[in-house]
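**Q** The primary structure of each chain is shown beneath.
Protein chains: 4
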Amino acid sequence: MIKVGIVGGTGYTGVELLRLLAQHPEVEVEAITSRSEAGMRVGDMYPNLRGHYDTLAFSEPDPRRLGACDAVFFATPHGVAHALAGELLAQGTRVIDLSADFRLRDAEVWAEWYGQPHGAPALLDEAVYGLPEMHRERIRRARLIAVPGCYPTAVQLGLLPLLEAGLIDTEHVIADCKSGVTGAGRGAKVPSLLAEASESMKAYGAGGHRHLPEIRQGLGDAAGGAVGLTFVPHLTPMIRGIHATLYGRLKSEPGDLQALFEQRFADEPFVDVMPAGSHPETRSVKGANVCRLAVHRPAGGDTVVVLSVIDNLVKGASGQAVQNLNIMFGFAENAGLAAPALMP
Amino acid sequence: MIKVGIVGGTGYTGVELLRLLAQHPEVEVEAITSRSEAGMRVGDMYPNLRGHYDTLAFSEPDPRRLGACDAVFFATPHGVAHALAGELLAQGTRVIDLSADFRLRDAEVWAEWYGQPHGAPALLDEAVYGLPEMHRERIRRARLIAVPGCYPTAVQLGLLPLLEAGLIDTEHVIADCKSGVTGAGRGAKVPSLLAEASESMKAYGAGGHRHLPEIRQGLGDAAGGAVGLTFVPHLTPMIRGIHATLYGRLKSEPGDLQALFEQRFADEPFVDVMPAGSHPETRSVKGANVCRLAVHRPAGGDTVVVLSVIDNLVKGASGQAVQNLNIMFGFAENAGLAAPALMP
Amino acid sequence: MIKVGIVGGTGYTGVELLRLLAQHPEVEVEAITSRSEAGMRVGDMYPNLRGHYDTLAFSEPDPRRLGACDAVFFATPHGVAHALAGELLAQGTRVIDLSADFRLRDAEVWAEWYGQPHGAPALLDEAVYGLPEMHRERIRRARLIAVPGCYPTAVQLGLLPLLEAGLIDTEHVIADCKSGVTGAGRGAKVPSLLAEASESMKAYGAGGHRHLPEIRQGLGDAAGGAVGLTFVPHLTPMIRGIHATLYGRLKSEPGDLQALFEQRFADEPFVDVMPAGSHPETRSVKGANVCRLAVHRPAGGDTVVVLSVIDNLVKGASGQAVQNLNIMFGFAENAGLAAPALMP
Amino acid sequence: MIKVGIVGGTGYTGVELLRLLAQHPEVEVEAITSRSEAGMRVGDMYPNLRGHYDTLAFSEPDPRRLGACDAVFFATPHGVAHALAGELLAQGTRVIDLSADFRLRDAEVWAEWYGQPHGAPALLDEAVYGLPEMHRERIRRARLIAVPGCYPTAVQLGLLPLLEAGLIDTEHVIADCKSGVTGAGRGAKVPSLLAEASESMKAYGAGGHRHLPEIRQGLGDAAGGAVGLTFVPHLTPMIRGIHATLYGRLKSEPGDLQALFEQRFADEPFVDVMPAGSHPETRSVKGANVCRLAVHRPAGGDTVVVLSVIDNLVKGASGQAVQNLNIMFGFAENAGLAAPALMP
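Protein sequences, first through last, are from chains D, E, W and S. Numbering-wise (the UniProt record's numbering), the first sequence opens with residue 1 and increments by one. Numbering-wise (the UniProt record's numbering), the second sequence opens with residue 1 and increments by one. Numbering-wise (the UniProt record's numbering), the third sequence opens with residue 1 and increments by one. Numbering-wise (the UniProt record's numbering), the fourth sequence opens with residue 1 and increments by one.
Source of the hints: derived by calculation from the structure; they are not laboratory data. Hints are supplied without guarantee of correctness; some may be wrong.
As the list claims (entries may be wrong) - Cross-link-like lysine-lysine pairs, in silico, DSS-like; alpha carbons within 25 Å at most:
id, chain 1, residue 1, chain 2, residue 2
1, D, 189, W, 251
2, W, 251, E, 251
3, S, 251, E, 189
4, D, 251, S, 189
Said to hold, decoys possible - Examples of chain E residues toward chain S, derived with CB under 7 Å:
id, residue
5, 116
6, 181
7, 188
8, 193
Since we're looking at a predicted model, the values are computed, not measured. Where is the CB? At the ideal position from N, CA and C, for every residue including glycine.
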């Protein structure tokens with residue numbers, strides 16, 4: 001049994017951590033912080049947690065109390081983990097950051113996309129990008145994890161087999177992504193109102209989205225060189241889920257794409273390559289830490305289409321964070337993550 | 001570890017049983033039957049179950065194979081359990097019927113509402129109405145359980161404290177109920193299409209709904225006499241959830257209604273009386289075997305309003321069925337039912 | 001052709017006025033005000049209006065410019081019309097107020113429910129409650145209209161026939177109402193987010209809602225005496241629509257209720273009494289200025305159930321405002337209001 | 001005033017024709033046919049039409065009665081118009097077919113994709129593809145119109161400027177399309193249930209969809225040669241709307257793309273090129289006969305992204321059919337099509 005803390009627990013990734021950890025046999029939540037809601041019990045804010053955390057209340061962030069935890073999750077806006085991570089690491093606490101603070105290796109690129117200087121560049125060297133399907137061994141030894149973003153998870157898992165095998169033109173990859181509205185967080189913004197966002201579909205950020213450099217970095221690692229990516233995210237009228245539709249141009253006859261994908265993920269507990277011809281639905285992963293993939297080659301042509309679905313709050317955030325924790329602490333990788341998706 | 005069978009597993013209550021039992025530490029699903037889908041693996045029909053039941057496939061109903069199970073769930077249309085239950089009981093298998101087949105004690109009333117003769121009147125005497133909050137001790141010893149309907153569960157739990165205490169006029173009770181569309185089952189009917197049922201609200205069955213005699217029977221048991229109930233169900237554009245709004249007229253000063261409710265359900269693991277002034281949301285029980293209640297007395301007048309929410313597929317069907325199983329077999333009552341609701 | 005102004009045009013009732021008036025053959029929108037969005041063209045805020053009002057932009061409220069209009073609509077939070085209405089009336093401009101400012105005849109009651117003193121009590125005497133089905137003749141001659149609220153419209157139209165005929169017990173009337181989320185306005189509030197409000201149902205204001213005194217006042221007028229009403233509104237996961245389910249207790253044999261309703265509304269262009277046994281759907285009035293009603297008497301008992309549906313933004317707000325305008329200015333009552341509902 | 005008939009009026013495109021024609025000043029609906037619902041009044045099937053077509057009822061298809069109309073719309077499954085169109089044309093009735101029967105010029109290709117021989121190849125020569133933005137002059141003189149499909153309309157309008165100007169590589173065009181569920185029609189199919197299709201997103205037909213040859217034919221006309229298109233449609237949890245996200249690779253510096261689009265559609269009443277940087281929402285065209293477009297060139301690279309939205313039932317079907325009628329009969333092109341979209 002280890003003790004964990006959660007910094008910034010009032011948002012959707014915070015409450016999702018609580019939901020998952022309530023079922024985790026090896027973890028006790030010692031502290032959850034929120035400046036705005038300090039003193040409120042978690043069950044009063046999130047009634048689904050009534051009966052699960054009856055004494056746990058939001059508290060002011062206290063580095064000493066957090067430092068007494070074995071691990072601390074950051075479920076905060078960008079910039080917050082920069083300030084606190086070093087202090088916690090110094091106390092021997094491992095840090096699992098769900099924000100974007102440590103995802104980009106290059107502090108300059110980070111500063112450019114986030115509009116402020118990077119607050120902890122000295123930590124970048126040891127931060128490990130927490131995509132277990134690429135970096136499981138490094139995660140095992142890590143003290144500081146940057147949990148991948150939701151779009152980056154769906155896109156990278158769908159493209160890894162093709163890029164690692166060198167099958168597609170790396171200059172012109174397209175990721176057309178559709179996300180449920182929890183991807184925009186719990187902030188009270190007019191465009192996120194049910195009256196505005198339901199019964200509608202729209203693209204956003206077509207000119208450039210903050211997940212773009214993160215995805216490019218990851219795809220570049222897989223490809224062994226720069227990848228030219230066009231990434232268009234869309235807002236979809238549903239609560240959870242990302243559907244990434246990925247297009248690549250084959251450079252030559254690729255062989256058996258289905259087998260390539262199945263072999264690449266054969267040992268992965270949370271990647272499910274569906275049978276040939278499948279079209280995964282986002283609801284098939286609702287609440288579950290799973291990425292389901294299908295690979296198509298329409299009319300046998302030179303375009304390959306990969307369909308990749310995740311729950312943005314689970315495999316795209318809190319579930320992947322718990323998966324990283326499990327790897328770091330030697331727990332069963334599916335501890336707390338074993339429940340099937342909620343369907344229908 | 002016990003072995004269970006599921007008859008009629010392709011509908012929503014069937015797949016929900018599989019979802020819940022996947023997390024049950026004491027249960028193995030030995031067989032799941034479907035005439036129409038025999039041979040298909042459950043993960044091919046319900047991809048959320050991929051990785052959880054990889055060898056389980058739908059099979060033709062085989063009384064011998066089912067009779068070798070410790071318990072069998074019926075997740076079937078009405079009439080099916082009538083035919084099979086006796087044969088299974090004779091083999092020593094306990095039967096938990098999620099359909100309406102054994103809910104009404106009076107075979108004549110059943111025949112009137114369901115438009116066909118009752119197929120197993122001899123079993124009615126020993127069938128136990130599986131609402132643990134009323135009949136836990138009888139459930140413990142039962143061989144045959146009639147799992148309550150979804151509306152009946154929400155309505156009865158909300159009215160029990162008032163009726164048992166004799167506080168309200170039993171001649172004029174009103175239950176205005178709102179249900180998500182899974183309450184209508186998985187049949188392909190035009191009114192259940194997304195294009196028809198979303199962005200709309202409507203009542204149905206205002207002249208009389210099959211759950212009416214069941215609710216009246218249960219309320220009558222609690223009140224110790226006949227209860228005059230007006231029950232109007234409504235279709236709500238959501239997948240899961242029932243919200244029952246219950247109106248009763250107080251016969252005299254009722255004392256502390258909040259305390260009455262809290263005391264009535266103090267020992268109930270799956271009934272949550274919320275703080276005074278609360279308005280429970282159906283999403284706070286999505287996927288969870290919980291009924292959340294709040295009691296109001298507007299402007300201190302003589303009308304009491306109870307708000308009662310459940311997930312129609314869990315506490316209103318499959319979760320309650322598992323709860324009954326747990327009680328019958330002496331398992332922890334929350335085995336397989338411990339996960340918090342999925343929120344948001 | 002008359003000229004109209006709209007004060008406070010950025011909310012949902014404002015844009016809905018623009019949508020309806022775009023089709024009105026006798027009306028030109030001269031000015032639309034918004035302090036926060038002054039200078040922005042309406043089509044930039046509401047792209048559905050692109051091509052319909054290409055030169056119209058939001059402007060600072062200017063009493064002189066508004067006073068040059070034949071009529072001015074207020075689509076503002078409460079309190080705003082109090083301050084401006086008198087000034088406009090003095091200039092000969094007629095005022096149609098969609099807010100609550102002039103709905104209650106008693107300034108004290110208003111002050112109690114809205115938490116501030118009434119700002120224009122001297123105008124209350126001449127304000128006419130703009131429910132054409134009750135006050136058409138007075139509307140014709142009115143200078144100042146208080147457009148009824150959304151819930152009050154649905155509830156009053158459903159109960160008028162029963163109360164006017166003296167058929168039901170006036171002490172115990174119940175209105176269980178379900179509203180789409182636009183009823184909560186366009187404010188950026190967390191509970192109105194798609195991620196919070198969809199896939200869920202909840203009551204709110206069970207202890208008392210601001211529409212309660214307005215409904216009671218109107219029902220009292222119809223009944224010729226005080227009416228005891230329990231009113232519980234619910235939030236429903238849809239954009240538009242109100243479904244009011246109304247329960248009354250019959251005092252004696254009521255005769256033919258269907259005929260009573262049909263006769264009461266025989267000459268009403270915007271009230272549709274559906275055939276006996278019907279269950280009106282809110283989507284059947286989406287975008288249309290119609291109230292559809294059905295009356296039921298379950299099992300021939302002493303409880304009468306009326307189902308009443310409107311679009312909260314049309315017959316419950318902006319459409320009804322235009323209907324009032326049409327009556328006041330002698331236009332065809334359905335001018336600008338002739339389009340069928342959008343279904344599906 | 002002309003008389004029109006509608007064959008196959010019970011589906012979504014049929015009811016949408018009735019909704020639009022109710023507002024058309026020059027058209028009277030003389031007959032609407034349905035074998036399955038003959039005798040039922042349209043208002044009984046579609047209550048939104050109550051009060052608009054009170055005497056109109058579905059009737060058995062009667063070629064003589066239809067032949068007495070000035071124009072007949074087919075809102076039927078494929079194959080039906082093949083059989084009847086010739087007979088109506090021979091009587092001097094013009095035919096506007098919303099089905100796929102006359103969209104492909106090559107009867108062989110049609111037979112391949114629709115799995116049956118083409119039933120009226122002799123009519124293909126005179127059939128005009130009813131996309132006014134390409135073929136307005138031919139439509140004016142046409143007797144037989146093939147109304148474009150929903151996806152083809154959104155995709156072609158978005159790509160026409162680029163292809164006509166020869167700016168993009170025609171071998172590798174990608175159309176990632178998202179559609180609301182009415183695109184699948186009103187058939188009672190399990191995947192279209194609210195319980196199945198809401199809160200989820202999925203691709204379908206990635207291996208080949210019937211709209212593919214139609215789109216290729218139209219793009220080829222614009223490009224003056226074959227176009228290699230990858231087309232992946234997706235099902236989105238909303239009632240109406242198509243969002244097409246279109247990707248092309250620029251062959252050279254394209255000049256001012258925004259100006260190109262604005263000029264191409266400057267005289268088009270139903271194509272709205274939004275300001276640079278815009279992201280059109282499908283809800284901005286809900287119920288309206290409009291296509292809104294935006295063109296992006298992310299990071300100034302060689303990929304151009306066009307965002308194109310329509311209402312699949314209006315500009316993607318029934319509205320476009322009425323627009324064709326208006327052109328054929330010399331009515332104002334926006335007759336019956338003038339109302340703004342319903343937003344929110």
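**Q** Against the 25 Å threshold, does the CA-CA distance of residue 189 of chain D and residue 251 of chain W hold or violate the hint?
**A** Cα-Cα ~50 Å, so violated.
**Q** Quick one, are residue 251 of chain W and residue 251 of chain E close enough, alpha carbons at most 25 Å?
**A** holds, 19 Å
**Q** Please verify whether residue 251 of chain S and residue 189 of chain E have alpha carbons no more than 25 Å apart.
**A** At roughly 50 Å apart (the allowed maximum being 25 Å), residue 189 of chain E and residue 251 of chain S break the hint.
**Q** Against chain S, is residue 181 of chain E within 7 Å by beta-carbon distance?
**A** holds, 5 Å
**Q** Given the hinted pair residue 251 of chain D and residue 189 of chain S, is their alpha-carbon gap at most 25 Å?
**A** With a Cα-Cα distance of about 40 Å, the restraint between residue 251 of chain D and residue 189 of chain S is violated, given a limit of 25 Å.
**Q** Let's test the interface hint: is any C-beta of chain S closer than 7 Å to that of residue 116 of chain E?
**A** With a closest approach of 24 Å, the residue 116 of chain E hint is violated.
**Q** Take the shortest C-beta to C-beta distance between residue 188 of chain E and chain S; is it under 7 Å?
**A** Hint holds; residue 188 of chain E Cβ to chain S Cβ min 4 Å, cut 7 Å.
**Q** Given a cut of 7 Å on the nearest C-beta pair, is the interface hint for residue 193 of chain E held or broken against chain S?
**A** holds, 5 Å
Going down the numbered hints, you'll see the structure goes against 1, 3, 4 and 5, while the others check out.
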